[in-house]
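Here the protein sequences come in this chain order: Z, L and E. Residues in the first sequence are numbered consecutively from 1, following this note's numbering. Residues in the second sequence are numbered consecutively from 1001, following this note's numbering. Residues in the third sequence are numbered consecutively from 2001, following this note's numbering.
Hints are supplied without guarantee of correctness; some may be wrong.
As the list claims (entries may be wrong) - With a cut-off of at most 25 Å between alpha-carbon atoms, the simulated SDA-like pairs for lysine to any residue come out as follows:
no. : chain 1 : residue 1 : chain 2 : residue 2
1   : L       : Lys1141   : E       : Met2312
2   : L       : Lys1168   : L       : Arg1117
3   : L       : Lys1124   : E       : Met2312
4   : E       : Lys2114   : L       : Met1054
5   : E       : Lys2114   : L       : Ala1056
6   : E       : Lys2114   : Z       : Asn12
7   : L       : Lys1168   : L       : Asp1068
8   : L       : Lys1123   : E       : Ile2183
9   : Z       : Lys190    : Z       : Leu301
10  : E       : Lys2114   : E       : Asn2198
11  : L       : Lys1124   : E       : Leu2179
12  : L       : Lys1141   : E       : Leu2179
13  : L       : Lys1168   : E       : Ile2183
14  : E       : Lys2114   : Z       : Val154
15  : E       : Lys2114   : Z       : Leu301
16  : Z       : Lys190    : Z       : Val154
17  : Z       : Lys190    : Z       : Ile75
18  : L       : Lys1124   : E       : Ser2181
Derived by calculation from the structure, the hints in this document are not laboratory data.
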Amino acid sequence: MEWVLFVSQLLNGLQLGVLLFLLAAGLTLVFGIMDFVNLAHGSLYMMGAYFCVTLNPLLGSFPLAVLVAVVLTFILGIAVELVVSRHLYQRDHLDQVLATFGLILFFNGAVHLIWGPEGNPIALPEYLNGRFILPAGIEIPTFRVAIIATGLAVAAGLIWLVTMTRMGMLIRAGASNRRMAGALGVDIKKLFTLVFALGAAMAGLAGMMITPITEANIGMGDDILIVAFVVIIIGGIGSIRGAFIAALIVGMIDVMGRSYLDGFMKLFLDNQSAETASPALSAMAIYILMAGILYFRPRGLFPPRHR
Amino acid sequence: MNTPVLEVRELSKRFGGINATDRVDLDVHEGEILAVIGPNGAGKTTLIAQLAGMLAPDSGRIRFAGRDITGLPPHARARLGMARSFQITSIFDALSVLDNTLLAVQAHAGHSYRFWRRARRDKKLTEPAMAALQQVGLADKAAANARGLSHGEHRQLEIAMALAGTSKLLLLDEPMAGMGGEESARMVDLLRALKSSKSILLIEHDMDVVFALADRITVMVDGKAIASGAPEEIRADENVRRAYLGVETPGDA
Amino acid sequence: MQLSRPPVRLGVRLLVLLTFAILPGLTAAFDQPFLLDLALRMMILATAAVSLNLILGYGGMISFGHAAYIGIGAYAVGIPAYYGEYSGYVQLPLAIGAGALFALITGFICLRTKGVYFIMITLAFAQMAYFAFVSIEEYGGDDGLVINLRSKFTGVIDMESTHEFYYVVLVFLVGALYLVSRIVNARFGMVIQGAKDNEPRMQSLGFDTFRYRLACYVIAGAMAAAAGWLMGNYNYFFSPEMMSWTHSGELIFMVVLGGAGSLFGPVLGAIVLIILEEVLSGATVYWPLILGAILISVVLFARGGLEGALAMLERRK
Ligand SMILES: Nc1ncnc2c1ncn2[C@@H]1O[C@H](COP(=O)(O)OP(=O)(O)OP(=O)(O)O)[C@@H](O)[C@H]1O
Ligand SMILES: [Mg+2]
């Protein structure tokens, strides 16, 4: 039985890891290339979820709804880039942080206006709502597998895009040396818009994947955004590979800490104090991990080579 | 001659394929001006950056005031009595000219965990700071914002900041570059007057200035110190003439 | 106007502080206790903003986790009270000490990093504190902690009296302003401002900038925790939600709106932002939408904040 729980927690960790990667990838690219801190990235995650909430009953097919919602988030990303972000690339980080903070308020207000204050569920179709039954009594929700598979597929696609294609080469050139990308004769402005929108679409996708499990809520991206920050800090800002590895580590540690830390702490604390301390400690685990890594490597595990 | 204030042995630093400094040996003695000359890209600034602790050498030792400082961070070296001026002006843009110099004085006036008394009314700071501005001829601009100074004035301020402390050793990286003739002449007089009280390592391209001031000269080419000696020895040195003086600046030598 | 340079800024400062000082009399006369409540909130958040300005405005350290200190200070009221310890002589030093300690430990890590790393890490540590309090059921967890009595200074001040508490808050605000004005003009403050401007140069002059910054970070943390102590007392309640990062963002906005690096700017920023929130939220439930748009426009189009605008007014006339 222990072991059944363990496998299911392992999958939970993996699921959180891939969702974090979807969020963190855009964040780290946008920062690496445009030197732009985007607090509103979590809002794009939220907007993706809400698009899907509306489209799902309208189109009558969850996968189709996801597809269209991803495109819509991509377009929204373009709009945000054109109207706000691009005016901030040359500004200092303080201005960027503030303006994108304003964007969060704006989007939270907008969602309230359009979809109302209550949480909005997404109903899954039958075929995604079942379970795989494995030997030894292990049951895995189908949708969980779908999330992990989608996440890994997008991750693979992104890594292919960044490492194998011409656009990826430009992105990498931009991430390590902005001036060089300019010298290569790229239309930098278009590249920036594209990267921003790509990041937005991935964030939106993450939002859509989580909503059938939780619900879409106002401000749903605010807290997970910080975890995505932890991911890109640990991974090294600008590094896709770093973001992927860090996302999986953070996802695992967070899930495992919550389910196993109190048992572990009971080994050397009395029950009472273990039960008080372990939720707090497991909530802090990923931040402590981050602090530890930064102490030894102030620029993360895979720091970009030039800056 | 007395023991050197600064001893550099076998100092090496590579950037990719370039030997920016290549086993450089040099000494600066008490109260002397050592001029380091060499063509562009010879590694002079890289040398100073390593002496001041902003760049870590790949190998070699640096001794200053009798102790090995090779591994010390910049601020610790400065506290031992080493001041640096930058080839590319590095000042505090947002502060006034006096504040810039005042900070240089303050760096040598004990610790700065003083939270109450107003620094700008502290005569122990303002008087030496004004004196340094006087020396470089910038006293009338004391209240101005540093950002608004002309290029030449920035250079003067850069030197005032090096002078303002109580440092024993000044590392001056092309201090006169970008100054007008009048200021340059004033600076030559100033450095000559300082000689008795401070030791100076001076990087300079203008040979007239070098020969007017230097007690000894070290010539760097491609990261190597190819010759060291008194000015007349350097002037006579065949290698130097060939590698540097004769080729690069036929008019000056 | 006879004066060639009317001291607009000085005038505004005096006017604001004077208004705060006589407000209890006015609200009593006109029977508007609601205004007093509003002023209390303004002054407490202004105190926190003044402390943030010390590191952000003067020191260039963009901390996105300042609300955590407000939480730490407030829990330093709530947790002792939960165990029956109401003495202000215990709670206030505890708040200040805990704020300083948290700043010391996190600052030691944060200040090793630069730029955007610093922003994100301060954010992350604050979030850590937030989740830590959320997960401790003993102290109310998510729901927050009710504080049934304010800190006691028996025989000295009666904090339960609205007016006495009001003046305690005012004294803290004025004290914070005075403290910051001394610090930034003293040698220590010169170092902090120099390090903001050109850190490598400071180091080559002989300053160990890391330590000075850390000291500054700790001072600001302690001051913010004192503001949090006021906040806990003011509300008789503290919810961890109040230390979430959106509140840290509001504090930054106050500082920037008022004018980062100007002594009085954060006070003006706090006043304006709170009025704005009050008016907007009274007018529509969708107020974040409007406030967000205002914030974006302020960043894109207005530089230097309110203090900057006032300074311009002085020069113009
Ligand atoms: N940070 C660096 N990275 C890579 N190469 C560098 C770096 N700094 C200097 N170099 C190279 O090292 C060599 C020495 O440069 P340095 O600036 O020390 O020369 P210099 O003698 O001061 O020249 P100048 O007279 O023009 O000031 C040059 O070839 C330069 O391109
Ligand atoms: Mg040079």
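Going back to the hint list, which numbers does this structure go against? 2, 3, 6, 9, 12, 13 and 14
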